[in-house]
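A.B. asks: Sequence:
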Amino acid sequence: MSKLFDRLFNAIDKTAEAGVRQTAQRHGRRSFLAKAGMAMVGTMALPLLPFDRSLGGLALAATAGDSDDENSCEYWRHCALDGNLCSTSGGTLTSCPPGSEASKVAWVGTCRNPNDGKDYLVSYNDCCGRAQVASATFCFRSERERPGYRMGLHNDINWCMANTNKGYHCTVSVVVGMADA
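With the first letter of the sequence shown counted as 1, position 69 gets the number 68 in numbering that gives the first Met the number 0; the numbers rise by one all the way through.
Quick caveat, the hints were computed from the structure, so don't treat them as lab data. From a predicted model like this one, the values you see are computed outputs, not experimental measurements. All C-beta atoms, glycine included, are put in the ideal place defined by N, C-alpha and C. One or more of the hints may lead you astray.
Listed below are the simulated DSSO-like cross-link pairs for lysine-lysine, each with C-alpha atoms no more than 30 Å apart in a straight line [unchecked claim]:
| id | residue 1 | residue 2 |
| --- | --- | --- |
| 1 | Lys103 | Lys165 |
| 2 | Lys117 | Lys103 |
| 3 | Lys2 | Lys13 |
| 4 | Lys13 | Lys34 |
| 5 | Lys34 | Lys165 |
Pairwise CB distance ranges (calculated) [claimed, not checked]:
| id | residue 1 | residue 2 | range |
| --- | --- | --- | --- |
| 6 | Asp12 | Thr42 | 41 to 49 Å |
| 7 | Ser1 | Gly27 | 36 to 44 Å |
| 8 | Gly116 | Asn164 | 37 to 45 Å |
| 9 | Gly166 | Gly36 | 25 to 33 Å |
| 10 | Met37 | Phe8 | 32 to 40 Å |
| 11 | Ala44 | Asp5 | 47 to 55 Å |
| 12 | Lys103 | Ala35 | 32 to 40 Å |
Based on the provided sequences and hints, a complete structural model is requested.
C.D. replies: Set out below in structure tokens:
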């Protein structure tokens, strides 16, 4: 019985050796190393790419609400917001929840305050570093949004990409000034 196994293993070894030698004759080590290196670099670059958080249209189901309620998607400051409201997930309108930090990059929208009729510049900062909360209010408003090639004016990007912890949690709306007329 052991002679049978020896012959079988010898046949497998010879077949494997012939296959490896044939491959080595056709393809050099440099070719393999070049392809493996390109695959590794491509894999490392994937987290740097922006991605769409619009959830394939599910975001369009934003709830209607009062324009004076900061926990509502219809609140005037949320005119270009795309994401979870921090005020409904442990933070406030202008501060991130404990355990998360504001993104180092942000997008800016111009929103009209219906109470005074003036336009304001609103900075939207994603809060990064905590898991999303299922009970948070998700808003998708893109009034006056610009196309994606203008990075600072587009809200469908993971703005946590510049932070150490890239996990998205929620978004704050901070008024940074009045818009020029």
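A.B. asks: Is 41 to 49 Å right for how far apart the beta carbons of Asp12 and Thr42 are?
C.D. replies: violated (34 Å)
A.B. asks: Is the Cα-Cα distance between Lys34 and Lys165 30 Å or less?
C.D. replies: Cα-Cα ~29 Å, so holds.
A.B. asks: Mind checking the hinted window 32 to 40 Å against the Cβ distance between Met37 and Phe8?
C.D. replies: holds (37 Å)
A.B. asks: Is it true that Ser1 and Gly27 lie within 36 to 44 Å of each other by Cβ?
C.D. replies: holds (40 Å)
A.B. asks: Given the hinted pair Lys13 and Lys34, is their Cα-Cα distance within 30 Å?
C.D. replies: holds (28 Å)
A.B. asks: Is the straight-line distance between the alpha-carbon of Lys117 and that of Lys103 30 Å or less?
C.D. replies: holds (28 Å)
A.B. asks: At the C-beta level, are Ala44 and Asp5 separated by a distance inside 47 to 55 Å?
C.D. replies: Taking Cβ atoms as reference, Ala44 and Asp5 lie about 49 Å apart, which means the hint holds.
A.B. asks: If you check the beta carbons of Gly116 and Asn164, does the distance land in 37 to 45 Å?
C.D. replies: For Gly116 and Asn164 the Cβ distance comes to about 40 Å; the hint holds.
A.B. asks: The hint says 25 to 33 Å between Gly166 and Gly36; measuring C-beta to C-beta, is that right?
C.D. replies: About 29 Å separates the Cβ atoms of Gly166 and Gly36, which means 25 to 33 Å holds.
A.B. asks: Run the distance test for Lys2 versus Lys13: straight-line Cα separation, threshold 30 Å.
C.D. replies: holds (16 Å)
A.B. asks: So the hint says 32 to 40 Å: do the beta-carbon atoms of Lys103 and Ala35 match that?
C.D. replies: holds (33 Å)
A.B. asks: Does Lys165 sit within 30 Å of Lys103, going by the straight-line distance between their CA atoms?
C.D. replies: The given pair, whose Cα atoms are some 11 Å apart, holds under the 30 Å limit.
Hint compliance for this structure: hint 6 is the single one not met.
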